[in-house]
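**Q** Please model the entire structure based on the sequences and the hints provided.
Number of protein chains: 2
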Amino acid sequence: MNAELIAVGTELLLGDIANTDGQFISQRLSELGINVFYHTVVGDNPARLKAELERARSRSDLIITTGGLGPTYDDLTKETVAEVFGKKLVLDRESLERIEGYFARRGRVMTENNRKQALLPEGCEVFANDWGTAPGCAVTDGSTTLIMLPGPPSECQPMMTERVIPYLRRFSDGVILSRLVRVFGLGESAVEARLRSLMESSLNPSIAPYAKEGEVLLRVTAKASSREDCETLLAPAVDAIVAELGDAVYGVDVDSLEQVVLSELKKRGLTLATAESCSGGLLSKRLTDLPGASEVFPGGAVSYSNAVKTGLLGVPEETLRAHGAVSSETAAAMALGAARVFCADLGVSLTGIAGPGGGSEEKPVGTVWCGIACRGRVRTLRLDLGGPTRSRGLIRRLATSHALFELLSDIKNM
Amino acid sequence: MNAELIAVGTELLLGDIANTDGQFISQRLSELGINVFYHTVVGDNPARLKAELERARSRSDLIITTGGLGPTYDDLTKETVAEVFGKKLVLDRESLERIEGYFARRGRVMTENNRKQALLPEGCEVFANDWGTAPGCAVTDGSTTLIMLPGPPSECQPMMTERVIPYLRRFSDGVILSRLVRVFGLGESAVEARLRSLMESSLNPSIAPYAKEGEVLLRVTAKASSREDCETLLAPAVDAIVAELGDAVYGVDVDSLEQVVLSELKKRGLTLATAESCSGGLLSKRLTDLPGASEVFPGGAVSYSNAVKTGLLGVPEETLRAHGAVSSETAAAMALGAARVFCADLGVSLTGIAGPGGGSEEKPVGTVWCGIACRGRVRTLRLDLGGPTRSRGLIRRLATSHALFELLSDIKNM
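Chains G and P are the protein sequences, given in the same order.
Each step along the first sequence adds one to the number in the working numbering, with nothing skipped, and position 398 is 398.
Each step along the second sequence adds one to the number in the working numbering, with nothing skipped, and position 121 is 121.
Keep in mind that the hints are not guaranteed to be accurate.
Since copy identity is lost for identical chains, a pair holds within one copy or between any two.
[Said to hold, decoys possible] When the alpha-carbon atoms are kept at most 30 Å apart in a straight line, the in silico BS3-like pairs for lysine-lysine are as follows:
#, residue 1, residue 2
1, 212, 88
2, 116, 212
3, 266, 363
4, 116, 267
5, 88, 412
6, 266, 212
7, 266, 412
8, 212, 267
These are calculated hints, taken from the structure and not from any lab test.
**A** Right, dumping it as structure tokens:
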């Protein structure tokens, strides 16, 4: 099955937003084994949209449009699709009731133009929108299926996951199942070199790597007649990857380093506190991105000035004088201080030079010390995260990822 | 001048990355007054790329491609463009020397396949790449100009700014200049309603609003024969917007709320400390995203647990018992505590329910209290940031934006 995506919206052509819906839908389709050959973005212009739809129809089995389903006069995707596919737009009573309910729950009166959102091509399969007002739908004509989704990512992406994926699975002659192996601290080419023979010999499941800011994600995808058969195919491949890459694999079917750190802490009833200098709160922000962090994370300090490192975290002034703020000794004292001040089992610290200024020959931009304290004992490590194309933001993100990854081994050894 | 963008790369179709180059280039072209009518993404497939190039050539004055300029066998953009435009690829000696120099500076040997990057269409204008190895170029044929840029955003985006914009300005019969007015706390429709007559009557400069997570950006763009004439056109329009929207305008030609807060603090020699509960470090992360924050930001506390609110920030246990952690009283005590602990002129606090769990009828998800302490005095305000489509992440981001915006008036009144 060959697919293409058409995003409708002048805001995309003006660069006000990036086409993140396109990325999200492509990822999901790729997991189903559906090839995506084109993304197209057109403005809110029915003539140009019509030409793109006609072309897409002539070359793709599946077309997914995003955007242009709203209540205003320039939302014209449904009208244009109906024209190209020769369908009438008819009122879908259930959709209208849902939209009326949406407004009623908010104590607002539904304006008349919102009725337009309940007009759908005759004979389509309706995708109810639990995240907004405009429903999506699938229209089939001959061998081509066209799916329309609303544009806002907060609606489009859950609709893709909850409505479109189950719909598309019905057309599949088998089951496709993926597992995601997450690797930290090895480059993509190192991962590929170590897995080359495995990747070349394994067709079902297939193994596809992709790199993502210091991480490598390996998607292992099996196709079989049942979920159980997929799982039987997947298990030995995932085991072989984990055996080859060892501790660099930090999780399978997990979302992020912070998620694994939190769940390992919870499993053991441990608590963690942070002391951040160069990362300025990003590490605690990442830990608290996830609901339920409060069980294991009492808090942290952003000790941007030396006075705070000394006064709040108890870093000896002598240490700062002798070794500087960016040093193993300071990182150690900060980590111990965090655990003590916040009464936590573990303390983690980051102190470094995020740039663009502040570097020296001895400590160039990107030099970061990480400290990890476990019940009174502490270890530190130096990270060299600089490079000609490494921004301040990237250095800060990488520093926090390294800290989270390093924490894992300490937590597991407690 | 009508333009379109073609991004080349299978990684975009697999959803490994979003087409952020497309967004960036669109923004820059829109600032030049160039209309972008299409974005297309194709994989590393010369036949499909050729078809897209031919179509683009038939309908656009300017085509910008991104990606496919690298050294490997599947980088085929130049070869395909040369075929469509009937040009030979010839070795550009200066580009080759730059590439050799790039490797030499890194102490690495240039492999033979890197020579390929110095092959460029005959007669093109070369855009030197100071951020990587593959040069870009512009090819003109009849009334169509095609520009090729490398794909990695860290190369594509500076090449667009430093090479392509000056190149395109040469074709313009005048100068185009924009100013960006940033508005917080008013919705896009409210801004449009208040500026409608101004927007409708002002053609040069034009006024274009766009919404961005709690903010509205107004781009005011003038076209004239000189930079001075543009500035003369822009000034009264910007003044009229500021007069109409008042304090909701937090800056003109600034990047972000945090930038304005930091610069206002610096101007007055003031310092600020943070105490964060629901935002978990995001506020201090935003303040320290910018280099030089250390002058005005000694540090902050992430007081996720009540024990930290009491022990570190001095929130009375009685306050937490009587009013709860999410209350005006707790926010006030946290802000005062932050200023005291970190010896800062101002303290700002956030405590609330970011969700998805933890809400109640009285304090639903999205209820956030913000406290601002100025030299012993404190004020608080309640933010209601919840809503059916508001994620935990969005609520946290909006809470920090509100805190930064509110801080501005306190700083300016000191």
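**Q** As a check of your reading, is residue 212 near residue 88 (CA-CA no more than 30 Å) within one copy, between copies, both or neither?
**A** Neither, since 45 Å and 36 Å both go past 30 Å.
**Q** At most 30 Å between alpha carbons: which applies to residue 266 and residue 212, within, between, both or neither?
**A** For residue 266 and residue 212, only the intra-copy Cα distance (27 Å) is at most 30 Å; the inter-copy one is 36 Å.
**Q** 30 Å Cα cut-off: does residue 116 pair with residue 212 within a copy, between copies, both or neither?
**A** So residue 116 and residue 212 pass the 30 Å test across copies only (26 Å; inside, 41 Å).
**Q** For the identical chains here, do residue 116 and residue 267 meet the 30 Å Cα criterion within one copy, between copies, both, or neither?
**A** For residue 116 and residue 267, the Cα distance exceeds 30 Å both inside one copy (51 Å) and across copies (52 Å).
**Q** As a check of your reading, is residue 266 near residue 412 (CA-CA no more than 30 Å) within one copy, between copies, both or neither?
**A** within (12 Å within a copy, 45 Å between copies)
**Q** Cα distance capped at 30 Å. Does residue 266 pair with residue 363 within a copy, between copies, both, or neither?
**A** between (37 Å within a copy, 27 Å between copies)
**Q** Please work out whether the CA atoms of residue 212 and residue 267 approach to 30 Å or closer within one copy, between two copies, in both situations, or in neither?
**A** Within one copy only: 28 Å inside, 39 Å across.
**Q** Is it within, between, both or neither when you check residue 88 against residue 412 at 30 Å Cα-Cα?
**A** Classified as neither; 61 Å inside a copy, 59 Å across copies.
The structure fails to meet hints 1, 4 and 5 from the earlier list, while all remaining hints are met.
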